[in-house]
Amino acid sequence: MILNPAVIALLLSSLLISGMIIYSSYFGYQILRRWDIKSGSETQLSLERRTYLVSTILSYAFGFQLISLFLFVFTADKLHSIFVGAMCAAGTLNVNKFGYPALILKIASFLLAGLWLILNHADNRAYDYPLIKKKYLFLLLIAPIFLSETIILTRYLIGLRADVITSCCGALFSTQRKGLVPEIISLPALTMKLAFFSTTLATILSGFYFLKSGKGVYIFSSLSAISFFISILSIISFISLYFYELPTHHCPFCIFQGDYNYIGYPLYITLFVATICGIGTGVLNPFKTIESLTGVIPRLQRRLTIASTISMVVFLAITLYPILFSDFRLD
Amino acid sequence: MIRLREIRKVFNSGRPSEFTALRGISIDVELKKVTVLKGPSGSGKTTLLSIIGCMARPTSGRIWFEEREITSLPERFLTEIRRKTFGFVFQQFNLIKGISVIENVMLPSYPCGEDIREIRKKALELIQFFNLSGKESSKIEWLSGGEQQRAAIARALINDPSIIIADEPTAHLDTKLSLEFMGFMKMLKEREKTIIIASHDPIVYESDIVDNVLNMRDGIVITGDL
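The listed protein sequences correspond, in order, to chains A and B.
Position 144 of the first sequence, counting from 1, maps to 144 under this note's numbering, and the rest follow consecutively.
Position 93 of the second sequence, counting from 1, maps to 93 under this note's numbering, and the rest follow consecutively.
Among the hints, a few may not be true.
Pairs of lysine to any residue residues, derived as SDA-like cross-links and limited to a Cα-Cα distance of at most 20 Å, are as follows [claimed, not checked]:
(1) Lys121/B / Gly145/B
(2) Lys84/B / Ile119/B
(3) Lys134/A / Pro74/B
(4) Lys38/A / Arg3/B
(5) Lys134/A / Lys215/A
(6) Lys135/B / Lys84/B
(7) Lys38/A / Trp64/B
(8) Lys38/A / Arg68/B
(9) Lys38/A / Glu69/B
(10) Lys133/A / Glu75/B
(11) Lys134/A / Ile145/A
(12) Lys189/B / Pro202/B
(13) Lys38/A / Arg8/B
(14) Lys38/A / Gly24/B
(15) Lys134/A / Leu73/B
(16) Lys133/A / Pro74/B
(17) Lys215/A / Ile306/A
(18) Lys38/A / Arg49/A
(19) Lys84/B / Ile2/B
(20) Lys38/A / Ile2/B
(21) Lys84/B / Glu125/B
(22) Lys38/A / Leu78/B
(23) Lys38/A / Pro74/B
(24) Lys38/A / Ile27/B
(25) Lys38/A / Ser292/A
(26) Lys38/A / Glu75/B
(27) Lys38/A / Glu67/B
(28) Lys38/A / Ile70/B
(29) Lys38/A / Phe77/B
(30) Lys97/A / Thr154/A
(31) Lys38/A / Glu66/B
(32) Lys84/B / Arg125/A
(33) Lys84/B / Tyr127/A
(34) Lys189/B / Ile163/B
(35) Lys38/A / Arg62/B
(36) Lys139/B / Gly98/B
(37) Lys38/A / Thr59/B
(38) Lys133/A / Ser137/B
(39) Lys38/A / Gly98/B
(40) Lys178/A / Pro188/A
Read the hints as simulated data drawn from the structure, not as lab findings.
Since the structure is predicted, the reported quantities are computational estimates derived from the model, not experimental observations.
All chains, full assembly: derive it from the sequences and hints.
Okay, structure coming up:
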């Protein structure tokens with residue numbers, strides 16, 4: 001293990017968040033078994049008091065979970081200089097076999113934590129805890145992913161050895177290797193461009209349509225999810241090439257570096273915010289007929305849609321900037 | 001109607017110092033009437049007042065304010081109710097020393113986000129109503145006991161609550177000031193306020209304006225209507 005402050009912070013925060021999730025899941029199990037809002041029993045009143053505390057603490061834990069994804073990438077990028085062969089976060093993540101699984105689990109837990117926070121926010125806006133069982137059931141379902149992330153991340157961070165020779169991103173994101181990444185890189189640029197711009201524009205337009213008419217929420221929500229995956233593939237396939245102005249450099253991590261004005265951070269943050277808010281709009285929709293949420297959910301959906309659409313527009317603008325204004329042309 | 005059902009309050013539950021302050025109280029408090037909780041020290045009057053006023057939660061039991069159940073409300077909704085539905089007059093007045101009378105009276109309105117000029121206007125009207133005109137800029141500690149009590153009532157009314165809760169309001173007052181206090185309560189009753197007072201002062205519970213006296217002892221209500 002490398003005793004770097006960011007590594008220690010990531011490890012401790014992940015352990016703390018998992019500890020909190022284990023306790024909250026146990027509490028959530030009690031909620032699912034014993035919650036009865038009509039009862040005035042001691043147990044019920046105790047659950048009502050504790051849920052306020054538990055959900056508040058869990059909100060902060062999940063809030064940090066959102067930030068920790070970027071702290072993780074930042075740390076991986078900063079540490080690359082101590083590993084022979086590594087040029088950016090891609091090489092650091094390749095130091096042992098747990099790096100990339102940890103990243104994938106972090107992305108999954110980022111999205112799930114965001115959705116839980118949206119559910120919790122809606123529940124807290126109502127006076128009668130209308131989503132309490134649903135949000136704790138959701139927590140129980142997603143808890144294994146957070147716990148897996150902690151285990152994998154711990155194994156990755158503890159397994160970091162400075163004497164390991166790793167691969168650089170040029171080797172990892174090349175067509176010379178076998179696996180999913182070369183497949184993505186080999187995708188025809190024109191096809192990917194068409195897929196990227198059509199889904200991104202469709203998502204933005206469906207967001208505007210929902211804001212204007214109140215209809216098509218599930219289309220907007222689904223497009224947000226689809227856009228996320230296509231955008232990630234597109235960043236590897238062709239967007240990154242325009243930032244690097246190199247026809248063969250497909251690394252999705254070098255853009256986090258100062259040489260590229262840290263453009264990776266706004267690029268990914270806007271994409272993730274757009275995705276969470278977009279999916280969240282659809283997740284909330286089935287609950288808008290609940291009496292205490294009739295005024296809350298449409299307002300919240302509207303705010304989420306505005307946040308998602310603005311983020312998606314900014315994300316699109318960031319990707320378009322090098323495509324339109326750099327001298328590099330991808331034929 | 002404020003309906004209380006099977007209200008229990010246990011302090012330090014499960015510890016050697018466990019104390020049961022309320023033992024399953026079920027009462028109805030009529031709106032726009034004056035109700036007095038009467039009983040000796042330790043009978044649970046203040047605890048019950050705190051629970052009715054949403055300042056404390058019961059260990060078990062439920063309270064309905066008109067049609068709405070309020071004990072299950074999340075804290076953010078309780079805060080709203082405390083600010084707008086209840087006005088509190090405390091035994092020790094709990095006025096803030098070092099600031100003026102008008103600042104004390106205006107204080108509960110600040111979190112409501114109302115225009116400061118409107119709050120000031122209302123505060124001045126209340127100060128005038130409670131015969132404190134000319135003292136609005138005086139530091140609160142410069143006022144006499146009776147004046148401080150009137151300032152405390154004015155403060156309780158600044159958000160125009162429908163229910164006034166007073167905990168032993170005459171405990172530190174002489175007979176003249178206690179009668180003056182009950183006179184103010186009469187005026188508030190005429191303005192259709194619901195008044196709930198905890199007291200073991202005969203000047204309070206034997207007053208003509210009182211509609212209902214609930215005798216409390218050892219955490220239970222012994223008798224009902226007069």
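Consistency of the hints with the structure:
The suggested pairing of Lys121/B with Gly145/B is violated, with an alpha-carbon distance near 25 Å, which exceeds 20 Å. A threshold of 20 Å between alpha carbons decides the hint, and for Lys84/B with Ile119/B the separation of about 14 Å falls inside it, so the pair holds. Between the alpha carbons of Lys134/A and Pro74/B the distance comes to roughly 17 Å, so the proposed pair stays at or under 20 Å and holds. Taken as a hint, the Lys38/A and Arg3/B pair is honoured in the structure, with Cα atoms around 15 Å apart against an allowance of 20 Å.
Distance check on the hinted pair: Lys134/A and Lys215/A sit about 24 Å apart at the alpha-carbon level, beyond 20 Å; violated. Restraint check: the Cα-Cα separation between Lys135/B and Lys84/B comes to about 26 Å, which exceeds 20 Å; the hinted pair is violated. Proposed proximity of Lys38/A and Trp64/B is supported: the alpha carbons are some 12 Å apart, at most 20 Å. At most 20 Å may separate the alpha-carbon atoms for a hinted pair to count; Lys38/A and Arg68/B meet this at roughly 12 Å.
Our distance criterion of 20 Å between C-alpha atoms is met by Lys38/A and Glu69/B, whose separation comes to about 9 Å. Straight-line distance between C-alpha atoms of Lys133/A and Glu75/B comes to about 19 Å, which keeps the hinted pair within the 20 Å bound. A distance of roughly 18 Å separates the Cα atoms of Lys134/A and Ile145/A; the hinted pair therefore holds under the 20 Å criterion. Of the pairs offered as hints, the one joining Lys189/B and Pro202/B holds, with about 19 Å between alpha carbons and a cut-off of 20 Å not exceeded.
Straight-line distance between C-alpha atoms of Lys38/A and Arg8/B comes to about 17 Å, which keeps the hinted pair within the 20 Å bound. Taken as a hint, the Lys38/A and Gly24/B pair is honoured in the structure, with Cα atoms around 17 Å apart against an allowance of 20 Å. For the proposed pair Lys134/A and Leu73/B, the alpha carbon gap of about 18 Å is at most 20 Å, so the pair holds. Note on Lys133/A and Pro74/B: the hinted pairing holds, with a Cα-Cα distance of about 16 Å set against a maximum of 20 Å.
Of the supplied pair hints, the one linking Lys215/A and Ile306/A holds, its CA atoms being roughly 15 Å apart against a limit of 20 Å. Distance restraint check for Lys38/A and Arg49/A: the Cα-Cα separation of roughly 15 Å lies within the 20 Å cut-off, and the hinted pair is therefore satisfied. Annotation: proposed proximity of Lys84/B to Ile2/B holds, straight-line Cα distance about 16 Å (limit 20 Å). With a C-alpha separation of about 17 Å, the suggested pairing of Lys38/A with Ile2/B holds against the 20 Å cut-off.
A distance of roughly 18 Å separates the Cα atoms of Lys84/B and Glu125/B; the hinted pair therefore holds under the 20 Å criterion. A C-alpha spacing of about 18 Å is found between Lys38/A and Leu78/B, which places the hinted pair at or below 20 Å, so the restraint holds. Between Lys38/A and Pro74/B the alpha-carbon distance is near 15 Å, which keeps this suggested pair within the 20 Å criterion. Using a Cα cut-off of 20 Å, the hinted pair Lys38/A and Ile27/B holds, with the two alpha carbons roughly 19 Å apart.
Distance check on the hinted pair: Lys38/A and Ser292/A sit about 15 Å apart at the alpha-carbon level, within 20 Å; holds. A threshold of 20 Å between alpha carbons decides the hint, and for Lys38/A with Glu75/B the separation of about 18 Å falls inside it, so the pair holds. Distance check on the hinted pair: Lys38/A and Glu67/B sit about 14 Å apart at the alpha-carbon level, within 20 Å; holds. A distance of roughly 12 Å separates the Cα atoms of Lys38/A and Ile70/B; the hinted pair therefore holds under the 20 Å criterion.
Restraint check for Lys38/A and Phe77/B: satisfied, since their Cα atoms lie roughly 18 Å apart, inside the 20 Å limit. For the given pair, Lys97/A sits about 12 Å from Thr154/A by alpha-carbon distance, which is consistent with the 20 Å threshold. Note on Lys38/A and Glu66/B: the hinted pairing holds, with a Cα-Cα distance of about 16 Å set against a maximum of 20 Å. Between Lys84/B and Arg125/A, the direct Cα distance comes to roughly 18 Å. Compliance with the 20 Å bound is thereby established for this hinted pair.
With a C-alpha separation of about 16 Å, the suggested pairing of Lys84/B with Tyr127/A holds against the 20 Å cut-off. For the suggested pair Lys189/B and Ile163/B, the alpha carbons sit about 10 Å apart, so the restraint of at most 20 Å is met. Under the criterion of a C-alpha separation no larger than 20 Å, the hint pairing Lys38/A with Arg62/B is consistent with the structure, at around 9 Å. Proximity of Lys139/B to Gly98/B is assessed by CA-CA distance (about 6 Å); at most 20 Å being required, the pair is judged to hold.
Between Lys38/A and Thr59/B, the direct Cα distance comes to roughly 15 Å. Compliance with the 20 Å bound is thereby established for this hinted pair. Between Lys133/A and Ser137/B, the direct Cα distance comes to roughly 53 Å. Violation of the 20 Å bound is thereby established for this hinted pair. Distance check on the hinted pair: Lys38/A and Gly98/B sit about 46 Å apart at the alpha-carbon level, beyond 20 Å; violated. The hinted pair formed by Lys178/A and Pro188/A meets the criterion: a straight-line CA distance of about 18 Å does not exceed 20 Å.
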